[in-house]
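Protein chains: 2
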Amino acid sequence: MEQALSPFQYNLIFNAFSFTFATMLATTLFLWLNRSQVSDRYKSAITISGLVCAIAAYHYLRIGQSWEAAFTLQDGVLEATGYSFNDAYRYVDWLLTVPLLLIELVLVMGLSREETIGKSTKLGIAAALMIILGFPGEIATDNATRALWGAASTVPFVYIVYELFKGLGEAIDRQHEGVRELIKKARLLTFASWGFYPIVYMAPFADITGPTAETVIQVGYTLADLVAKAVVGVLIYMIAVRKTQIEGAEAGGTTAEATG
Amino acid sequence: MEQALSPFQYNLIFNAFSFTFATMLATTLFLWLNRSQVSDRYKSAITISGLVCAIAAYHYLRIGQSWEAAFTLQDGVLEATGYSFNDAYRYVDWLLTVPLLLIELVLVMGLSREETIGKSTKLGIAAALMIILGFPGEIATDNATRALWGAASTVPFVYIVYELFKGLGEAIDRQHEGVRELIKKARLLTFASWGFYPIVYMAPFADITGPTAETVIQVGYTLADLVAKAVVGVLIYMIAVRKTQIEGAEAGGTTAEATG
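Taken in sequence, the protein lines are chains A and B. As numbered in the numbering used here, residues 86 to 345 make up the first sequence, in order. As numbered in the numbering used here, residues 86 to 345 make up the second sequence, in order.
Do not rely on the hints blindly, as some may be mistaken.
Because identical chains cannot be distinguished in the list, a pair is counted as satisfied if it fits within a single copy or across any two copies.
What the hints assert, rightly or not - In silico DSS-like links for lysine-lysine, alpha-carbon gap of 30 Å or less: (1) K207 with K269; (2) K270 with K128; (3) K251 with K269; (4) K128 with K251; (5) K128 with K269.
Worth flagging that the hints you see were computed from the coordinates, not collected in a lab.
Start from the sequences, fold in the hints, and give me the full structure.
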């Protein structure tokens with residue numbers, strides 16, 4: 086950052102971090118408390134969705150602390166303390182949560198054991214690779230290195246998109262029509278929320294730096310994480326409740342749990 | 086604050102924050118531990134009521150920390166440290182909790198799935214809009230900007246009041262007479278506790294500033310939050326228990342859970 090952030094920008098970013106911590110923790114608790122409302126078949130999907138939000142809550146707490154430690158706001162003037170803001174928390178978070186996000190989407194579909202393990206493994210490994218390959222570019226100081234690792238990271242990304250819309254697409258078409266649209270919505274939100282990350286990644290190429298860019302990047306990442314984790318997590322829960330009800334009704338309405 | 090707060094005022098405000106943190110956390114634990122006492126139909130209402138108090142507990146912990154960081158009390162003399170008190174925690178809290186408060190009221194009524202989703206979505210979005218539109222006015226330095234955003238925020242507020250008393254009113258009239266009055270009380274408390282916020286919002290217009298006004302505002306916000314979240318949360322629990330008992334008795338008294 087060549088110029089300094091204004092106190093308003095500094096506070097906005099800090100409040101966005103705090104808001105995200107609260108939302109992620111609240112979503113975790115919501116999902117885990119309501120886990121009893123879905124049938125055994127979908128409990129793992131809810132457990133994982135809650136885990137994703139719990140991991141994100143931890144990282145947003147740390148990100149907020151790191152942000153507070155990096156600057157002091159004395160009498161309305163913002164000064165760097167010398168401690169650098171630890172942006173790596175995001176990558177560490179994604180390394181855990183992005184594979185889990187894809188796995189929760191596979192789990193809520195209630196596929197056969199073989200299909201579940203196969204798709205979870207392929208998508209999970211591809212997601213981890215995507216994050217690992219992106220990181221050296223993120224911390225690179227020259228744009229050539231950044232472009233190289235960014236390109237490498239795009240390979241697993243393209244594979245994930247192909248799998249989500251082709252391989253998983255066929256499985257979605259086999260889902261009950263009562264949940265098919267919701268699952269497509271969850272897939273689309275997962276994919277759309279990812280759209281923000283490459284834009285931020287490529288920002289230095291376009292010389293988009295300075296306090297305003299920094300504010301947009303930090304708040305944007307935060308919103309993208311909120312959609313990808315908390316909003317998708319609640320969607321996964323809604324899908325699981327709906328499927329529990331549908332399958333309970335089909336089994337003769339004997340499932341006591343199917344009251345959502 | 087032109088004049089300084091007295092040490093008594095400073096301590097009163099800090100203790101109000103600490104009291105509210107403890108009350109919110111206690112209410113959360115009460116609601117979640119007793120969630121097993123209500124039938125499945127009302128568990129989501131209790132989950133959400135607990136979440137609202139949990140989110141508020143987090144923010145009151147932060148508000149208290151920010152208050153401590155903003156002032157030092159040295160030998161009975163109060164001095165600003167230079168760190169500004171972060172009032173935005175309140176808005177961030179409300180952005181999450183006010184929509185959830187309305188949703189818990191809808192959920193405890195046990196309406197049809199369509200009605201529940203419809204009313205929750207409408208009220209939730211209106212509540213979020215009301216908070217988002219109010220914030221630019223709250224941080225504005227001139228009264229004209231404050232009035233403009235305050236007026237914009239009033240539009241969704243009026244819509245919410247209309248929905249609460251008209252649309253939801255019809256649904257309340259269809260409720261069992263054993264709980265109708267309690268639900269009306271919860272609705273009234275929710276609405277009445279909100280009455281404090283516009284008063285505080287408009288205080289700068291009447292030149293109500295200074296240490297006494299600051300003390301009234303901070304303690305007033307705290308009491309309003311306690312009523313809107315903890316008291317209403319316990320009322321929601323009482324309604325859910327009563328409905329569980331009534332519906333258990335109507336079903337032949339076979340529901341083991343209806344023991345409140």
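Evaluated hints:
Within a single copy, K207 and K269 get their C-alpha atoms as close as 20 Å, and across copies as close as 23 Å, so both meet the 30 Å cut-off. Taking CA atoms no more than 30 Å apart as the test, K270 paired with K128 passes in both settings, with 20 Å inside one copy and 26 Å between copies. Within a single copy, K251 and K269 get their C-alpha atoms as close as 12 Å, which meets the 30 Å cut-off; across copies the closest is 36 Å, which misses it. In the homo-oligomer, the alpha carbons of K128 and K251 lie at most 30 Å apart inside one protomer (26 Å), although the nearest pairing across protomers, at 38 Å, exceeds that limit.
In this assembly of identical chains, the alpha carbons of K128 and K269 lie at most 30 Å apart whether taken from the same copy (20 Å) or from different copies (28 Å).
In this structure, every one of the numbered hints holds.
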